[in-house]
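Trainee: Here is how the chains run, residue by residue.
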Amino acid sequence: MSSRLDLDLYLDLEVFVGPFDLLLTVLLREEVDLLELELAEVAAAYVTKLEESGEIELEVATEFLVLIAALLELKSRLMLPSADDELAELGPEEAVDELVARMLEYRRFRDAGQAVTDIFEQERGHLYRSAPLPSAFRRVAVENATQAYRPEVLGEAIGRLLEPPARPDLSHLKRTVSLRSRLSALRAVLEGDSEFDFDERFGREDRLTQAVTILALLQLHTEGEAEWSQEEICGPITISNAAAGPGKTAVGSPGYVATTEREAG
Amino acid sequence: MESDGALARTVEALLFLAPGTVTLTELADACDASEAQVGEAVTELEMELRDRDRGVVLRRVGGGFALASDPRAEQAARRLLAKPRTPPLTQAQAETLAIVAYLQPVSRPEIARIRGVSSESAVSSLLERGLIEESGRSRFGATIYRTSELFERVFGLEGLDQLPDLTAFDPTPEDERELRERLVAAGEQRSEP
Amino acid sequence: MESDGALARTVEALLFLAPGTVTLTELADACDASEAQVGEAVTELEMELRDRDRGVVLRRVGGGFALASDPRAEQAARRLLAKPRTPPLTQAQAETLAIVAYLQPVSRPEIARIRGVSSESAVSSLLERGLIEESGRSRFGATIYRTSELFERVFGLEGLDQLPDLTAFDPTPEDERELRERLVAAGEQRSEP
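Chains as they are written, first to last, in the working numbering: chain A, 1 to 265; chain B, 1 to 193; chain C, 1 to 193.
A hint or two may mislead.
Lysine to any residue pairs mimicking SDA-like chemistry, simulated, CA-CA at most 20 Å apart [what the hints assert, rightly or not]:
(1) C/K83 with A/E143
(2) B/K83 with C/R137
(3) C/K83 with B/A28
(4) C/K83 with A/A131
(5) B/K83 with C/I144
(6) C/K83 with B/D29
(7) C/K83 with A/Y149
(8) B/K83 with C/D32
(9) C/K83 with C/E128
(10) B/K83 with C/S107
(11) A/K49 with A/V17
(12) B/K83 with C/E133
(13) B/K83 with C/S118
(14) C/K83 with A/S135
(15) A/K49 with A/T222
Per the computed footprint, the stretches of chain B lying under chain A, defined by three or more beta-carbons under 8 Å from a beta-carbon of chain A, are [what the hints assert, rightly or not]:
(16) 108-120
(17) 148-155
Think of the hints as simulated: they come from the structure by calculation, not from any bench. Ideal Cβ placement from N, Cα and C applies to all residues, glycine included.
Build the full structure now, drawing on both the sequences and the hints.
Mentor: This is the structure we're talking about:
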């Protein structure tokens, strides 16, 4: 059986040691606090792994991006401070709403899964007949049969099966976005512009490219090359060259405690 | 009535011979009778098979009808046909199957987002068991899945609308309040100096 | 008597599910009962089926028993079965069918080795649709499959030599033996972790 996991990513973090898959499970089951988790380290581990292999398998990368983006979004909202006192109350509240909604969505399907299991247990005793037709009827069926399938389907299937996985052929992938190319793209922009708006530069790219760019940004952040800031939830993201000084709010910055300004006020 | 009995006889013979489920329209065409007449004959046969309580029952599955064996004969059947019992669904498979069944068509990243774990292994065992099947690709190249005809048969469903209403699994307001309080408490802990 | 009724129920279910004739000994083994008890249950079932006069009858044939459709339903059955069901093939079904078509006769374990996953559900749906059929047993007791005449019809082939040639898929195997080796080698790599 080919039951390998997609994200063969092993993590060694302060609050968690183990495979990425398990991390997500313990997060959803509330055994590890999202606020304690340094997502940049997770992204960095993934980036390292990608660099070692040198290839992005699109479906796997998409899965990782979707998961890490959801976690980033949740965590950033949990951590988001605001200059305004009223909004300061609202920010974490909304973040909690979002996290609760996600956890409730999971619970809903966990319970639906239980119901599916119950139906399966109740029904699996019923067996269906799978006997060949008596020969008299078989002849009728053959006589009346007309072409319904293209024979090429069979050649294509054999072609697929002949392809050894050791020689990966990426021609069937629609497209890939390499992390390395997004890193160079970001560095190139930062060289010319010490501060720029994410949407202005990358807003016209497709979602996958934008997502990989965010991953690349995380990498630059951990390496101390770039800072990024966001004044309000879902507002524009400003990226600045780390040498040019940080923005007001470091979203996604590991360990950054979100209430500094409130305390100061 | 003699003629009704004859129609129920023909219907039983057809369901016995046909591979897979047979729809009302197919039965009516083959019997040269109206769908209403055939529908009555199906009900008559269904009740008679229930009353005689023997080894064969009529099931309304996947938008049609099929004969199946009585579950009480399952063990003996597996001995005769040398077939091992189908393994139970694991929790991962059950959750994944529920997501596909309720949200179909649905992509694997979407399944992963809801379950919070990558779900390749659950998806591929469900594919192998024939309970779900591929139904194309998303814009981003991810495979999209839906449930199969076999799923409806194995789960004894007339159609997908026979699944329990998803709202039946809405968490209670207490669940929600409890979760929220725990999260707020965690957030407040973090904000203290 | 309740226990007799239960045995007749199991016997009916077994005869319903079995693809061919079942002997008294096989029935007794599967039911965990004596041949005398099973013999009585068979007679009870036979008489009951005769009395209810529906679409299924019990036949004593070739040293065993089988259920069969009532001959009076033959015309309707011809009409129903005259049009073979041809829903779109899933990827698993297409691969399995291609393996059987190019390498026949081929055993189920070999199909699994080439695909890298157990292929039970694909094999049984192809059997059920009549696209492949059993053609005996291998030395080790595994069922061997080949494509059916219906297969050639629904693919518009006049013979198996009309199967698409594989030159499009480089490197092209020289002959069937080489193709088999190549497929098995690729499959084994696929199933490795």
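Trainee: Would the hint linking C/K83 and A/A131 be met if the CA-CA limit is 20 Å?
Mentor: The given pair, whose Cα atoms are some 17 Å apart, holds under the 20 Å limit.
Trainee: Assess, step by step, whether the Cα of C/K83 is no farther than 20 Å from the Cα of B/A28, and give holds or violated.
Mentor: Given pair C/K83, B/A28 holds - Cα atoms ~14 Å apart, limit 20 Å.
Trainee: So if I understand the rule, the pair passes when the alpha-carbon distance is 20 Å or less; does C/K83 with A/S135 pass?
Mentor: holds, 15 Å
Trainee: Are at least 3 residues of the segment 148-155 of chain B within less than 8 Å of chain A when you compare beta carbons?
Mentor: Since three or more residues must qualify, the claim that chain A covers the segment 148-155 of chain B holds, with 3 doing so at under 8 Å.
Trainee: Are the Cα atoms of B/K83 and C/E133 separated by 20 Å or less?
Mentor: Holds, at roughly 18 Å.
Trainee: Given the proposed pairing of B/K83 with C/S107, does the C-alpha separation stay at or below 20 Å?
Mentor: The hint holds at about 17 Å.
Trainee: Mind checking, does the segment 108-120 of chain B have 3 or more residues with a CB under 8 Å from chain A?
Mentor: holds (count 11)
Trainee: Just to be careful, I want the Cα atoms of B/K83 and C/S118 compared with a cutoff of 20 Å; is the pair within it?
Mentor: Roughly 14 Å between the alpha carbons, so the hint for B/K83 and C/S118 holds.
Trainee: Is the straight-line distance between the alpha-carbon of C/K83 and that of B/D29 20 Å or less?
Mentor: holds, 12 Å
Trainee: So if I understand the rule, the pair passes when the alpha-carbon distance is 20 Å or less; does C/K83 with A/Y149 pass?
Mentor: Holds, because 15 Å separates the two Cα atoms, which is no more than 20 Å.
Trainee: Is C/K83 close enough to C/E128, meaning Cα to Cα at most 20 Å?
Mentor: holds, 14 Å
Trainee: Is the Cα-Cα distance between B/K83 and C/R137 20 Å or less?
Mentor: holds, 16 Å
The earlier numbered hints are all upheld by this structure, with none contradicted.
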